[in-house]
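Asks: Build out the structure end to end from the sequences listed, making use of the hints.
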Amino acid sequence: MGSQEEVSAASLLREYLRDLASRGERKDGRAMDEMRPIEIRSGLFTKGEGEAWLSLGDTQVLVGVKVDVGTPFPDTPNKGVLMTNTELLPIASPTFEPGPPNEDAVEMARLVDRAFRGSNAIDFEELVIKEGQLVYLVMVDMYALDHDGNLVDALELASLLALKRTNVPKVVVREDGGVTPSGDFFPLPVRETPISFSFAKIAGRLMLDPSLEEEVAADALMTMVVDSQGRVCSFQKRTGAFAPEEIKRALSIAREKWPQVAERLGLLEG
Amino acid sequence: MGSQEEVSAASLLREYLRDLASRGERKDGRAMDEMRPIEIRSGLFTKGEGEAWLSLGDTQVLVGVKVDVGTPFPDTPNKGVLMTNTELLPIASPTFEPGPPNEDAVEMARLVDRAFRGSNAIDFEELVIKEGQLVYLVMVDMYALDHDGNLVDALELASLLALKRTNVPKVVVREDGGVTPSGDFFPLPVRETPISFSFAKIAGRLMLDPSLEEEVAADALMTMVVDSQGRVCSFQKRTGAFAPEEIKRALSIAREKWPQVAERLGLLEG
Amino acid sequence: MGSQEEVSAASLLREYLRDLASRGERKDGRAMDEMRPIEIRSGLFTKGEGEAWLSLGDTQVLVGVKVDVGTPFPDTPNKGVLMTNTELLPIASPTFEPGPPNEDAVEMARLVDRAFRGSNAIDFEELVIKEGQLVYLVMVDMYALDHDGNLVDALELASLLALKRTNVPKVVVREDGGVTPSGDFFPLPVRETPISFSFAKIAGRLMLDPSLEEEVAADALMTMVVDSQGRVCSFQKRTGAFAPEEIKRALSIAREKWPQVAERLGLLEG
Amino acid sequence: MKMPIYLQEPPEILITPEGVRTDGRGPHDLRPIKMTVGVLNRADGSAYVEWGGNRILAAVYGPREVHPKHLTLPDRALVRCRYNMAPFSTEERKRPGPDRRSIELSKVIREALLPAIFVDKYPGTVIDIFVEIIRSDAGTRCAGTTAASLALADAGIAMRGLVTALAVGRVGDWIVMDPNHDEDMYGDVDVPVAFLMEDKEITLLQLDGPLTEDEFNEALDLAMKGADLVYEMQKEALRRPYLVVERSVAGRES
Amino acid sequence: MKMPIYLQEPPEILITPEGVRTDGRGPHDLRPIKMTVGVLNRADGSAYVEWGGNRILAAVYGPREVHPKHLTLPDRALVRCRYNMAPFSTEERKRPGPDRRSIELSKVIREALLPAIFVDKYPGTVIDIFVEIIRSDAGTRCAGTTAASLALADAGIAMRGLVTALAVGRVGDWIVMDPNHDEDMYGDVDVPVAFLMEDKEITLLQLDGPLTEDEFNEALDLAMKGADLVYEMQKEALRRPYLVVERSVAGRES
Amino acid sequence: MKMPIYLQEPPEILITPEGVRTDGRGPHDLRPIKMTVGVLNRADGSAYVEWGGNRILAAVYGPREVHPKHLTLPDRALVRCRYNMAPFSTEERKRPGPDRRSIELSKVIREALLPAIFVDKYPGTVIDIFVEIIRSDAGTRCAGTTAASLALADAGIAMRGLVTALAVGRVGDWIVMDPNHDEDMYGDVDVPVAFLMEDKEITLLQLDGPLTEDEFNEALDLAMKGADLVYEMQKEALRRPYLVVERSVAGRES
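Protein chains in written order, with the working numbering: chain A, 1 to 270; chain B, 1001 to 1270; chain C, 2001 to 2270; chain D, 3001 to 3254; chain E, 4001 to 4254; chain F, 5001 to 5254.
Note that these hints are calculated values from the structure, not bench results. Since no wrong hints were added, every one of them can be taken at face value.
Straight-line Cα separation of at most 25 Å, BS3-like style, residue types lysine-lysine; simulated pairs:
#1 F:Lys5225 - C:Lys2248
#2 C:Lys2170 - D:Lys3094
#3 F:Lys5107 - F:Lys5121
Replies: Quick look at the structure:
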């Protein structure tokens, strides 16, 4: 709830950001359609088959991909399985609490899930070991480590990178029905490069990649995922309301920014 | 907990209802042994194999019966399975909260369960597909929609109706052990017509089918289920205390009312 | 949190106990290294295959051992399974609440578990019915009934006794893969006698088997488990800090006291 | 994954034409019963009851402060009850924690005791009743209610009188007193009943039918007779706390 | 252990070259819709909507006191929403209780309605919105949002205007109105949309792609057209509470 | 349903007669360790530790207001701790959420740090300690305690001194420093220890035996030696926040 002072400090900040926005400016000096710097930390951080530790400005996330073997869903016997999970770790923000994923965490996990499904990025049919019985399960666990706004784009980018880096351990099916790793690996078949772009609206102005202060002050928030062909693969109006033209304009910006981000991630081929 | 005013309004109402009761009267003008009107709504409301949307005065409930296929309990390998579940939906009352069934919901679910078991109403042996391995599971989900008292009778009546209307999809066992619907159906074998009757005691007087106000003001509540032969199949003293003679008297009233309710439900056979 | 009076009563008691301790005395007149009387209640109290109702001063606990049949862990296909569970029943103390085991209950359950594993007390390889497929599961359920301090030693002693008394029902594997009791029994192979000793530190003095008042006033608490050969099989610093010499001294005391407790439990052979 | 090892076969006959039951009792005999009051040190009141093969501990804490506070009732005591079965109380180990049955029985036992408690005397407080089934052998809710009533009295809670509970049942054509495990599993009808003995009012009555009206009335009458015997033991147990009160109450012999 | 019995086969063709869909509709037709306001007695506001094979109850309680208290917002109303599917609303029985999908949809619906509510008028209170799916047949979140908006109006909550929701989608090369169950399961893209009709702002937009920019813009435009039709029905339903407002809205015919 | 794919075979020999271990270390060598303080922006204090194959983040929030309020201690700070393993920290994916092991370790780590914190200086507040294991490779509780102690210092919490933790163990006849994954899985005894380095008091000691009295004393002495080395690294890391402090600490070489 916060004390009286906190409340008025927050509303002063909000006023200040609105003021800036109405002049086309942002507190950290960025242009309205400018993302914060993306850094990819090098090293070995998890026991995942794929991983990425990524920062977007002062926001930091860590994604690990585990590949397991299990049974397919009854209605898709010839397809592997993708599962996403988001943990808003209490280390990332004073407002995050330990416990099962809350609605924000669930929304982000499902949004990232749709980004990959909506773009048909993963060739699930290559993840079948024995049709109808054994398939690879790809589990994407997304950890928010440090929250300075726009976690969702950071998590989506890190997930994309982690999936692109994932090496699936080939297994052989034993006579007793269990499986044993063969020692070989193959790269997870990721065929597309869906990239997430989030926008805040403050005082009628759209701004890309909102910081935490901007998110808190925003009248409305939306996230869209665009693929290499400029198609929109996933969309989520998260809070507030947008005019249809605002949404269309944001999509144009996202399409325009796609190559720059893909390049920064090292995913721009040719 | 309610404000001071609410508390005294409640105790004024209670006094008023006690006063009426001591003169053999009820606030809505009903006789002491008179039920509120029962209405059965026609239409298709669920994807259940059986269903009933029933109102008892201003109380409304919806029951859906789903039939699944699964394994029998180890100690009854030659019997199908009945399961009951009550949801006191938060739409039904300002005092109901979302979440797993509380003690009232559990009590009602188990009471309805006992009504059908205690009357041997369902021929469970006809629900075996492959003895010891595959049987039909009959799941009765009871939804309280609108709570104006005596939910338990409304739920029991709607469950009875829904079960009597249930068509079980015949299945064939495939070679892989799974099952496929054959396209045929057979009526769920419901052999009895157990009907639930609840009584409140206010100021020493018994009243059938209490309204919400009467339930709140009641010194004691009880529910009994009577079958077509006038036998008592299930009983639950729910709150307060009753003299043995009061219980015996209530049973006589319930036996007397049985044909009238069965007829109203369209379950009185020639 | 307790009222002002409760707080100051507690701190007065603490001062008093510190005062006594600094003179080498305890409120109940015991020597610093003296345990309270151990009583084993005779009778049949559970449906366990082994059981013990034990009191340590005014502390009372009941342990029941159930033996089930199930699958082994994948990494130990040729070993039976031991599981421990502690319930701090709300009847045992005004501060215990119903619900899943809290951190204290979990710590005690795992401490007792390690006491038996660390001493290799149970011959798990004799608990295999069919290697890799069927083994005996030994479930030790520890109930705190009455809490006057040092529950952990009481629970460990009662578990030891209950396991030593456990008779495993021999089963035969049926053709359908299920099991049937043969009617024969064999004693659970318990090869060691690990005994738990807890110490409190008050005003720099160690005291064995602390009462509830002493636990509350303690600066630090530790528990160690010693076997028949004087080896330390398990250790847990529970609260506070100890100098290494204090720990070594406590271990000497525990080793010295082992025969006395083993005898009291009737477990001192030859 | 665990599998059941104790699948039981039903007995061939539950009661002989002469009325002899699987445990040798006559139709109107109670099982052996032992009661002790004041068995726990911490609890404000406690009782331990052995009833046939049942072993039950009941304890009462209160009147005490309510946590969480928003449950406080300004004009009377809140009464809470938890009925809980130990994992080792049954043939197959029971998973710890509440299930639907124990949630219902917790309510049923609370409602059986509530009419006896002068809740107006303790406004703004809570009385917590715990019934722990450590060995279960048919009739635990009734034995537990009987034990809890003793624990309330031991805690000095002001009451209209003791609550006494026991089950009756139908086995074939017989209305029997205090069904045993076989009768509970394979008998026809089980009728748990509790009485507030001061005025013989019924505070617990359940039934898993069917019974004709005559059988129902006969069952209630038989329950009343059994309750009189159990009530005497309760009063005796309270007169001599910490001592075991023990009796095998057979109607034929009395 | 239960096993699935309703594994469905996809239809051979979802839409003919002439634009005829599996339920006979043209590409821009809505399914039949019925709306009734004020169907529940206890709730402060309620609505019942049939939309194709969907059956949905929405109810509103509030503005009322917030429990637990620490959630209270001093300067405006707290708005909570629960989207819940009944166990009998689907072919295979759905386990009761929230899952990830319903947690997300609860948020999405709340955020679709929130911009319409004058929350500043009710400081320190809570408005609870419940959307109960009792029969599910594609498009429940949109039908549920539409129903909840009616229930808010029925409860007399001050609003900027009604919120109207419906889905559009892509099936092969067609952008279609209001996808049915087959299209939802086997179609290419589903786009649920909600509009605050006063100023035509979008308060809900999701998409499970891919759509080209042109298709995306076409989809938004089609959604707007459908919303106009549904909005008229909402207004009519509010003018005649307790009466069923019913129409099969086919673009071809209008 | 998923199935295990990483069933591991134990190594043939854990330590050679000459004292060479499976990772080439001598019996009294530590694994390579890196420490960085101040790695997170939001947290009041933080540290990142690489210790052999372990990767651990620790963060501290506080002293801050207590939620829920009824947990507030009027005369001192409440200290809470959560030890948590990431799903991707292990060979087989770990299900998110607390299990019995993590509940115990959360307590053990809290109790290892508590004696070092001047809780009296922060009455009525809470200090929250989070230990996130993102890669696990034997000895996580000790590396986590060491990291958390750095995070507390980084948060400026008043402390008696740093807490330094590491495990020792027995492998056959050898008492070894800092057991690795093989030794943790297939060795004989694991002894995690933590010291409050100011006065060399032990604040964490667990053991999964058996050890003779002599072995036990030898283990404690060896742990003290190792702690001295780790302690120096901790102090250095605090002198240069945001820089990586890195060393492979081998007893033979020092």
